[in-house]
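**Q** With these hints in hand, go ahead and build the complete structure from the sequences.
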Amino acid sequence: MLLEIRDLKVIFHTIRGMVRAVNGVDLMLNQGEIIGLVGETGSGKTVTGLSILRLLDQNAEIIDGKIIFDGRDLLKLPMNEMLKIRGKEISMIFQEPKAALNPVIPVGDQVAESFMVHERITKSEAKKRVIEMFNRVELPDPERIYKSYPHELSGGMAQRVVISMALALRPKLLIADEPTSALDVTIQAQIMDLFKELVRQFKTSVIYITHDMALAAEISDKIAVMYAGRIVEVAKTEEIFEEPLHPYTRGLLRSIPDVKRRMKTLFSMPGEIPSMLNPPPGCLFHPRCPDKMEICERKVPILKKVDEHEVACFLYG
Amino acid sequence: MHEVITLALMDYLKSEDFRITLYLVRKSPLTMLGMTLAISLILFAILAPYIAKQDPIEQDPSKRLLPPSPEHPFGTDQLGRDIFSRVIWGSRISLTIAVIVVAISFSTGTVLGIVAGYFGGKVDELLMRITDMFMAFPRLILAMAVAAALGPGIFNTVIAMAFVSWVYYARLSRASTLQVREEMFVEAARAIGASNLRILFKHILPVTISPVIVQATLDMGGAILTAAALGFLGLGVQPPTPEWGVMVSEGRRFITEQWWVSTFPGFAILLATLGFNLLGDGINDILNVRSRR
Amino acid sequence: MDLRTYVIRRFILMIFVLFGIVVITFVISHVIPADPIGAILGPQASPELVEKIRREWGFDKPLHEQFVDYIFKLMKGDLGKSIRTNNPVVEDLLYFFPATIELATSAMIVAIAIGIPLGIISAVKKDKWPDHISRIFALVGVSMPVFWLGLILLFVLYYKLGIFPGPGRLDPGIPEPPRITGLITIDSLISGNFKALLNSLWHLALPSFVLGYYASASITRITRTALLEVLNQDYIKTARSKGLAERVVLFRHALRNALIPTTTVIGMTYGSLLEGAVLTETIFAWPGLGRYSTGAFLSVDFLAVMGTTLLIALIYSLANLIVDILYAFLDPRIRYA
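Note that the protein sequences, when read in sequence, are chains A, B and C. My numbering puts the first residue of the first sequence at 61, with every later residue one more than the last. My numbering puts the first residue of the second sequence at 16, with every later residue one more than the last. My numbering puts the first residue of the third sequence at 31, with every later residue one more than the last.
Please note that the accuracy of each hint is not assured.
[As the list claims (entries may be wrong)] Distance condition first, Cα-Cα at most 27 Å in a straight line; then the derived DSSO-like pairs of lysine-lysine:
(1) A:Lys352 to A:Lys126
(2) A:Lys136 to C:Lys156
(3) C:Lys82 to B:Lys42
(4) C:Lys155 to A:Lys144
[As the list claims (entries may be wrong)] Among chain C residues calculated to face chain A with C-beta under 8 Å, some are:
(5) Thr35
(6) Lys111
(7) Asn116
(8) Pro118
(9) Thr255
(10) Asp264
(11) Tyr265
(12) Arg270
(13) Ser271
(14) Lys272
(15) Ala275
(16) Arg277
(17) Leu285
(18) Asp361
(19) Arg363
[As the list claims (entries may be wrong)] Pair by pair, the computed Cβ-Cβ distance ranges are:
(20) B:Pro226 to A:Asp272: 35 to 43 Å
(21) B:Ile228 to A:Arg180: 51 to 59 Å
(22) A:Lys188 to C:Arg39: 36 to 44 Å
Everything labelled a hint here was simulated from the structure, so no lab data went into it. Backbone N, C-alpha and C fix where the C-beta goes; we use that ideal spot for every residue, glycine too.
**A** Below you can see the structure in the form of structure tokens.
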């Protein structure tokens, strides 16, 4: 077991009050596994990812839970230990590649920094390794790219740089937050392929955060569906698609337009995610659930094992 | 007509928007302080005749340079005048100058800026060059030059200061206008045939107003300070008018023995300016927080 | 466009602006109700005498002729003669302006030394006590009448406590070093006169602080705002995710970006320093441009007014130009845009 998140709860302090962004999340990841964390905007998936590395903003607070990585609870680690893990054992990449790079420093130096922080090597040695990485991520003319600034690169090139930066030290775990969403569709496919290949080569475990179920399916072994700050279903990718158990998952899958079937109208789930400022009682999905029962309005379902799935729904007991 | 306004105002006061604004104001002690200082200043100015019973201009050589006492809380100056009343009455002078200067520069500057930003082209170029030229001078220096040219006195001081300040409003409102002009809804409005004037009022003005309001509040403080500086140098308001800057200047000779003559008026300048600066800063913060939501 | 083209463009623009300045200053100082000649000669002077002097100085010619005259003389470096001091204005300016440069520059150093660290502290400890205190400190600084603060500090620190020296650039007993640059500190350093150097620095301390405090406020503010903005960016998250210590993130990544807008503000601050110098020099009996120009303004000594205003505007424009160039240098996005 590489990573185990137990009952994570994160809140945000806003002017309007306390917002529960993550409301009790349990997640498990084995070495070498790739798990897709899927959910709408506001479901708490990004916050979950950021919590692992403790990169949350000042107005966020982790109020409960454990994040156990390699046997240690990351939430209880002193900062200097945490710094050793960041970038080396666990890395993260973000959505907007150009925004993720410092605009006034040449990108090569930024990648070199990853090496120099965690290993005792000189700048020129680091530079060599950066060029190696750049070759690995199929960047043309690595020497020129090394000296370039982020705004001089295209989105795709920038994301390759970011990927090389994240994988430079062969971390055990990579958290990828919508890494292709900001790119053009054709570039998306290229980067996705590169990503899959590198992750396979380096044997990195990945938490792939996205709102796009189909994208998650491309790369993940397992998929965890998140809604309103909680995980509602976890299963192997094929199982999620063949037999989705939770009504929300079913809704998500129905929303994917199918080229093969002729559809008159696109399906979308009625309603919207509840206000996390004052969440309604009971299961947070019940206002939108087509299979709602009386108990759903009163009690919150917890994640239970049903065959090879885990579901949080009263339909299953 | 005023029923419509009253209803609109009452609606706003009940709205969540207003409650949040109020909450933000209350949450920031500095803004509260600023508001208190500014309001006190305005009250002092309005109620001067009731607070300061002693005549600020009447001289009484027998009472020269008396130290602070219950009878003369701030002491007396070299001509026997009560400094406390002079300081209170001085608030009228400073506030009047500040209000008029800001009103003039705010209105002319903003209008010119919006027009230049909206219509663009040669008009805009011209305005930019003119403002460039004005902004090449440090503000006080230019105000000094104009004040010197026009001669001393309160009226000329106001003109000199307004002459120098309008450019900053013009630049600000122009920048906002340029931003808004490109927005979709302006294109849409133009597409349905709205007249330019209508677009200007309904769409552009509301957006450009907020940075300009912040600037105006801060400028009140700046105006008080500049008027005092001009008074101090002898280029602005002239004695015997109780202007704070003039008072500080007059008290310079006596600073070693009779420190109070210069100290209290100067302190008044500080507090008045500080009040408006705090207020302006506070408004700026609030507007920023709100726009981020 | 690359750096060189940018610089040349800005320079040309500056020349145009300066021309506009000449026009404005000319208009202001010549279209005035006050009559300086009459004032200087005094009420006893006969109208014929006043006329004679006016003709001598060329003030009887129509305005546009005067303007053209002025431009030609300006190109030759002749700024006319001061009615008040009877010296060529250029001479007067050359004599007085180094003192102001000395004051303004040391005040700038003080302002940066106070402003940037306070801004950083404010941003890093946002909404906590250090933030509130430095914001109040900065706000008080910008609301403070410079002339009053100088007066009070002189009174307390010089007159009452004797920690700092009195007005003037040097103690009366100490002779001035040979005039090479006009900046007493530099001149004493060059001529090896350490006594004068130390004394002049000591004299410089109080006025620089008073002036610098006023200017530091806007620097504190922009540093805080810029840094807060930067700290919210994704690349800061990335830097942290690489395992960089917070201090490294701050200095190596955040500040590099935050200092860019700060530099622009520093340029603008130089303008307020020049303004403040005018006021400070009066209090500290500093024989600089401020004192000279105040005298000129009060007696409406046209040519001196024009000369001084032109010089100040020139210095200010140069400062802004330098800052703009520095900005282009610091921000690669501008260079290659």
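**Q** If you take the shortest Cβ to Cβ gap from C:Thr255 to chain A, is it below 8 Å?
**A** Violated, about 16 Å.
**Q** Holds or violated: is the Cβ of C:Lys111 closer than 8 Å to a Cβ in chain A?
**A** Hint violated; C:Lys111 Cβ to chain A Cβ min 51 Å, cut 8 Å.
**Q** At a threshold of 8 Å, is the proposed contact between C:Asp361 and chain A supported by beta-carbon distances?
**A** Holds - the Cβ of C:Asp361 comes within 8 Å of chain A, reaching about 6 Å at its closest.
**Q** Hey, does the C:Tyr265 contact hint survive, CB to chain A under 8 Å?
**A** holds, 5 Å
**Q** Have a go at the C:Lys272 hint: is there a Cβ in chain A nearer than 8 Å to its own Cβ?
**A** holds, 4 Å
**Q** Cβ-Cβ distance between B:Ile228 and A:Arg180: within 51 to 59 Å?
**A** holds, 56 Å
**Q** Should the hint that C:Asn116 touches chain A count as held when the rule is a Cβ pair under 8 Å?
**A** violated, 54 Å
**Q** Is the hint on C:Ala275 kept, meaning its closest Cβ partner in chain A is under 8 Å away?
**A** OK, holds: C:Ala275 within 8 Å of chain A, min 6 Å.
**Q** Hey, does the C:Ser271 contact hint survive, CB to chain A under 8 Å?
**A** Status holds, d = 5 Å.
**Q** Is the straight-line distance between the alpha-carbon of C:Lys155 and that of A:Lys144 27 Å or less?
**A** holds, 25 Å
**Q** Regarding the hint that C:Arg363 lies at the interface with chain A, is the smallest CB-CB distance below 8 Å?
**A** holds, 5 Å
**Q** May I ask you to test the interface hint for C:Arg277 with respect to chain A, counting a Cβ-Cβ separation under 8 Å as satisfied?
**A** Nearest chain A Cβ about 11 Å off; hint violated.
Of the numbered hints given earlier, the model fails hints 1, 3, 5, 6, 7, 8, 9, 16, 17; all others are met.
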